[in-house]
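Full structure from sequences and hints, please.
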Amino acid sequence: MAESPKRWKVTRPFQLECGTTLPELEIAYHTYGQLSAAGDNVVWVCHALTGNSEAADWWDGLVGVDKLFDPEHYFIVCANMLGSCYGSTGPASINPATQKPYGHDFPLVSIRDMIAAHELLRVELGIEKIQVALGGSMGGQQVLEWAVQQPLVFEHIVLLATNAQHSPWGIAFNESQRMAIYADSTLLEEGHPEAGKKGLETARSIAMLSYRSYDTYQLSQTDSEEKLDGFRASSYQRYQGLKLWQRFNVFSYLTLSRAMDSHNVGRGRGGIENALREVKANTLVIGIETDLLFPIREQEQIAKGITGAQYTMLESIYGHDGFLVEFQRIETLIRQFLFSPEAKIDASPSPSQAWNVSNVALPGSEKF
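Residues in the sequence shown are numbered from 1 upward in steps of one, following my numbering.
Take the hints with a grain of salt, since some may be wrong.
Here are the simulated BS3-like cross-link-like pairs (lysine-lysine), alpha carbons at most 30 Å apart as the crow flies [to be verified]: (1) K67 - K280; (2) K129 - K67; (3) K6 - K243; (4) K304 - K280; (5) K243 - K67.
Just so you know, the hints here were simulated from the structure itself, not pulled from any lab data. Treat the numbers as computed from the prediction; the structure is a model and nothing was measured.
And the structure:
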């Protein structure tokens, strides 16, 4: 059963990197477990693009009872990112000036704005040190930016399928999705019950192509040789589009995709290399061999730039979504990194972890 998030309201103005000020800020977040007396058991999870703060739901392979991050031993925090539609201030929030949802008028937010909100919550919760911060994709962008900004706060960080600067390739994917959304003539029709529906569904279909790989579709969506029409791959794309429409806000999607585009730890800091040198945390960087959206060269760049960072590559047919689907192997890698740092990290699959797409629900796009 889903657990409702906690909510914390900041009643003073919140300055955004773009220069605009939000009159107030609300942060939705989940916590699991209790903060130890010494304050030395904090795990902070940053979620990805269309995720939420209920980490024990969408990353239940890592967070939960008897999992790597067990609430019996850790105080686990996950905050819904600024601009989302799962409780934190975003386009679906009421604009105090109009008493209507911000919608398309919500201002530009950046990854750095998200970290500013996380920082406010960290202080509010009385957290001085974060023992482990981890995130994949856009969640990894947040963790990295945070570790650059606040190098003394973090003991360990784990960065999965992410980058130090969002690439022209990634921005092009995002812009293509935004073009699809804006091509929907209903988008700005106030009161329309399905405003932006077709646009968001199409955007999700485009995004799916960057989250998976050729082999994923070949193994999971192939039809019989006699098929003439009504292909599985076609219905699957429509299904994924509809699922996102049913659970996500189209204006939040626009807002967060622009925030992802803004990601560049080197902006105003003398470049990426200079910024990465600021990170003091013990760092594990995990890339996925078949990731089309965040190719492994981006994770290699991060690992080379952070002093003492460890890098490993997962062989996986799941593409970018592998950072969620391959939770068993990722759990092993993180466990080795945290508790056996002297051991060589091995990302190769065991025989029991052989890929069988037909038995996998591919949760990456179900929850993200």
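Now the hints, each set against the structure:
no.: 1; hint: K67 - K280; result: holds, 27 Å
no.: 2; hint: K129 - K67; result: holds, 22 Å
no.: 3; hint: K6 - K243; result: holds, 25 Å
no.: 4; hint: K304 - K280; result: holds, 14 Å
no.: 5; hint: K243 - K67; result: holds, 28 Å
In the structure shown, no violation is registered for any of the earlier numbered hints.
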